[in-house]
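Novice: The lines below spell out each chain.
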Amino acid sequence: MRRAALIEHARALELLVRTTWLFRVGGAAAVARATHEAMIAAPSSEAELAASDVDPWMLQRALARTKRVWPVPVRCLQTALIYRELLRRHDLDGQLQVGVKTEESALEGHAWLLIGPFTIDDERISRSFLPMTFEASESALDAARTP
Amino acid sequence: MQTQLLRKPPTVVTRAVAGELVLLDLTKGTYFTLNEVGAIAWRHFEAGLDVDAIADAVCAEYEVGRDVALADLERLLAELREAGLLEVA
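First to last, the sequence lines map onto chains A and B. Going by the numbering used here, the letters in the first sequence line up with residues 1 to 147, in that order. Going by the numbering used here, the letters in the second sequence line up with residues 148 to 236, in that order.
Everything labelled a hint here was simulated from the structure, so no lab data went into it. Values in this document were obtained by computation on a predicted structure and should not be read as measured data. Using N, Cα and C, we set each Cβ at its ideal position, and we do this for glycine too. Take these hints with a grain of salt, some might be off.
A short, non-exhaustive set of chain A residues, derived as facing chain B with CB atoms under 10 angstroms [stated by the list, open to error]:
id : residue
1  : Ala-32
2  : Ile-40
3  : Ser-52
4  : Val-54
5  : Trp-57
6  : Met-58
7  : Gln-60
8  : Lys-101
9  : Leu-114
10 : Leu-130
11 : Pro-131
12 : Glu-135
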């Protein structure tokens with residue numbers, strides 16, 4: 001494994017510890033604050049990403065490797081928040097997306113990250129979810145009522 | 148009768164899904180869903196309409212008695228405010 005990948009692997013491990021503490025001890029309000037902050041973040045542009053020396057896919061692979069050795073399941077929201085922190089350590093930022101869909105009348109949620117032109121989603125299912133927005137609900141309602 | 152202008156708190160995000168409106172309160176991390184009628188009421192509450200005006204709109208679109216609509220809307224408004232999904236502007 002290259003040195004840069006090893007460094008990201010170590011960072012991901014540290015962030016897994018920190019966010020696991022946040023999710024298990026910090027409580028819903030602390031998670032919600034982190035979620036809100038990540039949802040209103042301005043994601044780095046494609047040009048900013050190109051100008052940096054960071055390969056977003058290398059970060060994703062490092063995080064995926066780290067998750068595989070982590071003893072407890074890491075869900076999509078935690079993964080996306082960790083990935084954003086990995087980016088921020090390179091002066092880049094990603095915007096968290098939280099989406100919903102209904103499956104057999106049950107509501108399902110998913111979280112992923114946007115940066116530049118890329119969607120960072122380990123599970124590769126974000127396209128089937130509708131991202132939630134801060135905008136007024138009128139346009140969303142109009143969409144709902146359109147057959 | 149509601150006369151205060153209400154608004155969606157900035158930490159509430161919404162999305163229409165399969166005819167329902169899903170609300171996520173980021174301060175608590177909790178989801179809520181409103182059916183189509185509830186979603187229409189939500190939009191009108193958000194726009195500052197009072198319960199009487201919303202009841203008229205609902206009765207014009209759906210077959211429901213005005214008294215029933217008014218009672219349901221009052222209850223919905225109270226629940227939305229109690230849940231922190233609407234706040235005084």
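Novice: For a quick check of understanding: which of the numbered hints are violated here, in increasing order?
Specialist: 3, 4, 5, 6, 7, 9
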